[in-house]
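Asker: Once you have looked at the hints, place chain B on chain A.
Protein chains: 2
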Amino acid sequence: MFNVLVSTQLSAAALLGRRCALPHRQCFRQLRALASTAVPAAEEQAGTQDRKVGVSKTQDSKGLVDVQPVRGTRDFGPEDYRLRQWLFDEFEAVSRLFGFEQFETPVLESEELFVRKAGEEITQQLYNFEDKGGRRVALRPELTPSLARLVLAQAGKLSFPAKWFAIGQCWRYERTTRGRRREHFQWNMDIIGVPGIAAEAELLAAIVLFLERVGLSSEDIVIKVSSRKVLQAILERYNVPEESVGPVSVVVDKMEKIPLDKVEEELAALGLSAEASSGIIEATRVGSLAELEGLLGVGNEAVLELQQLFSLAEGYGFADYLQLDTSCVRGLAYYTGMVFEGRDRAGQLRAIFGGGRYDRLLSTFGGEERPCAGFGFGDCVIVELLRDKGLLPSPPHEVEDLVVVMDEALRGHAAGIAQRLRRAGRRVDLVLESKKMKWVFKQAERCGAKRLVLVAPDEWEQGLVRVKNQATREETNIPVEQLVDV
Amino acid sequence: MFNVLVSTQLSAAALLGRRCALPHRQCFRQLRALASTAVPAAEEQAGTQDRKVGVSKTQDSKGLVDVQPVRGTRDFGPEDYRLRQWLFDEFEAVSRLFGFEQFETPVLESEELFVRKAGEEITQQLYNFEDKGGRRVALRPELTPSLARLVLAQAGKLSFPAKWFAIGQCWRYERTTRGRRREHFQWNMDIIGVPGIAAEAELLAAIVLFLERVGLSSEDIVIKVSSRKVLQAILERYNVPEESVGPVSVVVDKMEKIPLDKVEEELAALGLSAEASSGIIEATRVGSLAELEGLLGVGNEAVLELQQLFSLAEGYGFADYLQLDTSCVRGLAYYTGMVFEGRDRAGQLRAIFGGGRYDRLLSTFGGEERPCAGFGFGDCVIVELLRDKGLLPSPPHEVEDLVVVMDEALRGHAAGIAQRLRRAGRRVDLVLESKKMKWVFKQAERCGAKRLVLVAPDEWEQGLVRVKNQATREETNIPVEQLVDV
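Chain order of the listed sequences is A and B.
Going by our numbering, the residue at position 114 of the first sequence is 211; the numbering climbs one at a time, nothing skipped.
Going by our numbering, the residue at position 332 of the second sequence is 429; the numbering climbs one at a time, nothing skipped.
So that you can see chain A by itself, here it is in the shape it has in the complex (with noise of 0.2 Å):
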């Protein structure tokens, strides 16, 4: 059941760097802890077992196709599909509940969208190579730079502010090991224009109705809040050019995951003198709002705003989601202002989502400066806190009618029967060959067919058709004109 999604419970740890699971305090000790459960070792069984399973050589084979995905991908049959389909919806309905429009640009983009010498992990894992015309191009490793060439592309044609909204996988390339996957897809909000903290609390706001809407509280999730206006202060007491927030934070955003005097020695690399490196150490400790105007002063920015952002959600209703934690700095270089991701609260798990403002990514691209605020929620992370919890639906194949022809001389009538009802909207599986009673009661369970409609002749000769509802096992025969009224 869904294995293919929730057997990825290390893929979104192998995603660490993207938008939706960077890295984040305790994630590699618990990344650690994962690698050792039998969770990979049953999923490599099962993909053996699989490559083995109905694939025969016959006479006609010409040589035997690998039939698993490319490696660090995953397939969708039927019951997987439609449980991610659950999922995404949900992400959409959200979205349209917020007044966002959807958008999608293509997978592959110029490699250059992507690169940035800030030494994050999504740029030194990107999956790109040349094409054939010796163009660099790259299968995406996250939507937000599409989403800012997509806005400078239509900016003479769009009003501002602009909410968009989009559900797109997205790739990188490293070594594969066990369960450690090269795509996810990930829901993503932004909105175009709209300077102030009201933006990332209607962003936050709408994971918060998503969370409720699939069955969690803020028992379960904390939303941990900090800005990059915290270490953008600290370093300018110490004269560091605002241009090096970026680079910092991708190094402060490793802490959890390499030790602390390499931490210093790649801040010392970015040429912070050792006190600029212990202020910003120092900093990442805060905790509480008082203790940051402590450290800031009143009035320093990043207060404010965080204070402001309290008050909204209260005002939303999600303040108890919230958490401030300057530790929390995210670990893409464009993020200028709030940052925030979502953590189950048990912290068994990586980050579940997580977001923030880029106020330059735009001007960055060559484009007008423009305020922006968004957030990446990942397909894997949540889909493992839910099944732990016992939140994961398992949405049915159904259709509402099953029609069986009991005599091939009547197929033409059934087709017939059948069009006809599906024109009235009706779901109709029909049966395309001769099969026993039995065969036909157990494909009526299989498609989770309401009604079984057969076409027989005895029946057929006085206009009538014989309907079975599954659900009360009562037969009566049936009027065709009628059948679509029933």
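Calculated directly from the structure, the hints in this document are not laboratory data.
A portion of the hints provided could be inaccurate.
[What the hints assert, rightly or not] Chain B side only, calculated, beta carbon under 10 Å to chain A, not exhaustive:
| hint | residue |
| --- | --- |
| 1 | R168 |
| 2 | D177 |
| 3 | A250 |
| 4 | V305 |
| 5 | Y335 |
| 6 | I378 |
| 7 | G391 |
| 8 | G394 |
| 9 | V496 |
[What the hints assert, rightly or not] BS3-like cross-link-like pairs, simulated, lysine-lysine; straight-line CA separation at most 30 Å:
| hint | chain 1 | residue 1 | chain 2 | residue 2 |
| --- | --- | --- | --- | --- |
| 10 | B | K254 | A | K532 |
| 11 | A | K359 | B | K229 |
| 12 | A | K535 | A | K359 |
| 13 | B | K254 | B | K229 |
| 14 | B | K229 | A | K254 |
Idealized CB from N, CA, C, for every residue including glycine.
Answerer: Relative to the frame of chain A, chain B by itself:
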């Protein structure tokens, strides 16, 4: 409006060789005619304009990125996306009315899945490359081989017949000229496990239901049908081995693109005698089922199956769409029986959809032999046709409520109201900044709001909000608790 999709007037031509748009009679002539229209030029201009719009160097700029998507690909901004979604929703709705289940495979596949030696254009134009691990991979050019692979991978847990559908992006690499693209989307429906013509008839019934739902009829569309077994019978007569049916069909499929003597040359290169070659060409000129019976003999399998298809089509009620056309062979090597394609009656456009029976694809991949039939239906030609006929909708962006805060001190309360409405299932756009009423009214139009909900100090003090019905222009004060029920 929907520029991106409709401006692909040449793109389906560019997709010659794909399942949805294989070359056919008159296609080459039309291609040249299309190439001389103003559309691609206009498109090129638009592209150039877009490249400039909204893009100007700023002080922060680190360089100008190309804001256009990768050459040969399309962006879908909100307006284009809505139209595309309308089309995909119809594809999906029809598939579900037929009791089909959705699946998805990765856009990236092993190259070996598509490498065939029959000289098909689709494999010659493979968008393939080597990944960093030295693996030969490709962006899929079509969905059928992935479906076959997935069926083999899951064979042990599937029950047959399986009725599956997918909507996925397909790629090809070819030099782009004006308007020729490298990707399109394709709707596929496939039935795995049914050997009889009832499967093909069911697939055609699904296509016809789709056509009806979008406003087309048999006056607009003709479905040309034939069978690979016609060529097979001719080849048997000249002792050409059955394995040649595929490669010969690929050559015959080019008849409308290349001169007859070139076709004969290619058939000779496949080892066919001049007599066999003439026999093949003669067979493609048969005009009726009676004539075909005369050529192949009474009781010939192709003739019997075609008769059966026409008879079932009567039962379904779509016989008026069908036309026997033995020159219709389709350009994919793997078809083994019935083949069909949809064209506009006016003969202005390329193939709208195409499909057929491929009973040996699974065994070619090394799996158990299993009868299969399916079709591919692209997203380009159908949009051209619907636009020409004035049948393309313009789905608007729509929300129910536009919530506006009239005093920033009330922003938290307005947020609470918006969230409450959304929890109740209403689509709500919340204005995130202080804006003049003129802007608000314009925004209400832009987002298609049914109601304006104004949160203003005087009303709020009394527990009321001001609500303006956009249709009637009526304004009333409503208690907050009653907002949801109105």
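Asker: Would you mind marking each hint as holding or not holding in the structure?
Answerer: Evaluated hints:
{"no.": "1", "hint": "R168", "in the structure": "7 Å, holds"}
{"no.": "2", "hint": "D177", "in the structure": "8 Å, holds"}
{"no.": "3", "hint": "A250", "in the structure": "4 Å, holds"}
{"no.": "4", "hint": "V305", "in the structure": "8 Å, holds"}
{"no.": "5", "hint": "Y335", "in the structure": "22 Å, violated"}
{"no.": "6", "hint": "I378", "in the structure": "28 Å, violated"}
{"no.": "7", "hint": "G391", "in the structure": "26 Å, violated"}
{"no.": "8", "hint": "G394", "in the structure": "24 Å, violated"}
{"no.": "9", "hint": "V496", "in the structure": "4 Å, holds"}
{"no.": "10", "hint": "K254(B) x K532(A)", "in the structure": "20 Å, holds"}
{"no.": "11", "hint": "K359(A) x K229(B)", "in the structure": "29 Å, holds"}
{"no.": "12", "hint": "K535(A) x K359(A)", "in the structure": "68 Å, violated"}
{"no.": "13", "hint": "K254(B) x K229(B)", "in the structure": "34 Å, violated"}
{"no.": "14", "hint": "K229(B) x K254(A)", "in the structure": "40 Å, violated"}
In this structure, the hints that do not hold are numbers 5, 6, 7, 8, 12, 13, 14, in rising order.
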